[in-house]
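Trainee: Please build the complete structure, drawing on both the sequences and the hints.
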Amino acid sequence: GAGVSQSPSNKVTEKGKDVELRCDPISGHTALYWYRQSLGQGLEFLIYFQGNSAPDKSGLPSDRFSAERTGGSVSTLTIQRTQQEDSAVYLCASSQPGLAKEQYFGPGTRLTVT
Amino acid sequence: GNSVTQMEGPVTLSEEAFLTINCTYTATGYPSLFWYVQYPGEGLQLLLKATKADDKGSNKGFEATYRKETTSFHLEKGSVQVSDSAVYFCALSEAGNKLTFGGGTRVLVKP
Chain A
1 GAGVSQSPSN
11 KVTEKGKDVE
21 LRCDPISGHT
31 ALYWYRQSLG
41 QGLEFLIYFQ
51 GNSAPDKSGL
61 PSDRFSAERT
71 GGSVSTLTIQ
81 RTQQEDSAVY
91 LCASSQPGLA
101 KEQYFGPGTR
111 LTVT
Chain B
1001 GNSVTQMEGP
1011 VTLSEEAFLT
1021 INCTYTATGY
1031 PSLFWYVQYP
1041 GEGLQLLLKA
1051 TKADDKGSNK
1061 GFEATYRKET
1071 TSFHLEKGSV
1081 QVSDSAVYFC
1091 ALSEAGNKLT
1101 FGGGTRVLVK
1111 P
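Chains A and B, in that order, give the protein sequences.
According to my numbering, the first sequence is numbered sequentially starting from 1.
According to my numbering, the second sequence is numbered sequentially starting from 1001.
FYI, nobody ran anything at the bench for these hints, they're computed from the structure.
All C-beta atoms in this analysis are idealised placements derived from N, C-alpha and C, irrespective of residue type, glycine included.
Any given hint could be a false lead.
Said to hold, decoys possible - Among the chain B residues that face chain A by a calculated CB cut under 7 Å, a handful are:
# : residue
1 : Tyr-1030
2 : Ser-1032
3 : Gly-1043
4 : Thr-1051
5 : Lys-1052
Mentor: Set out below in structure tokens:
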């Protein structure tokens, strides 16, 4: 079946602009995660959605970052007033509910802030 | 807070050599432990996992044993192939299921 998809695959933006990154999880997966992968910081957790529960936003690095998940499916990560340090690969993952379930990762969106 | 430490790479090996990648963790509770792998040009994928002490995860000839006494989850493979060239990430999760990753270890297997 279809895996996790993300769009766009690449995004180049100017410093100060807003960007939106999209994630389509695997159908039926109620858990959705955003991570980012950068040279300086490695792989970092950003935010976690589980069903209708309030999201775990503990990994968001600043209030310029936000995410929503509509209808328990598609998620959008928004970065406002982008900075050069936001340049990274943003990864989305989804999983079935429950402890230690395998997270299936999308191919990522490579964001470059110039 | 939680953290994962793994050996820095790159690790360069010849085909059929033995591979070990060390991983240790710090956690406030009783985490589940994972190894994820990222092959060149591909996305992250789960290699193996273990959810309690003394459990051994295994897949594709790789093994790792959850050692609570040493807070370790070292990855091993007895005979590597060129196709095992990849970046390997050790990770843990607790009740919230979010993954805390180590820094990754790049492995290069030469024919």
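Trainee: Evaluate each hint against the coordinates.
Mentor: Verification of the hints:
no. : hint     : in the structure
1   : Tyr-1030 : violated (11 Å)
2   : Ser-1032 : holds (4 Å)
3   : Gly-1043 : holds (5 Å)
4   : Thr-1051 : holds (5 Å)
5   : Lys-1052 : violated (10 Å)
The earlier numbered hints that this structure contradicts are 1 and 5.
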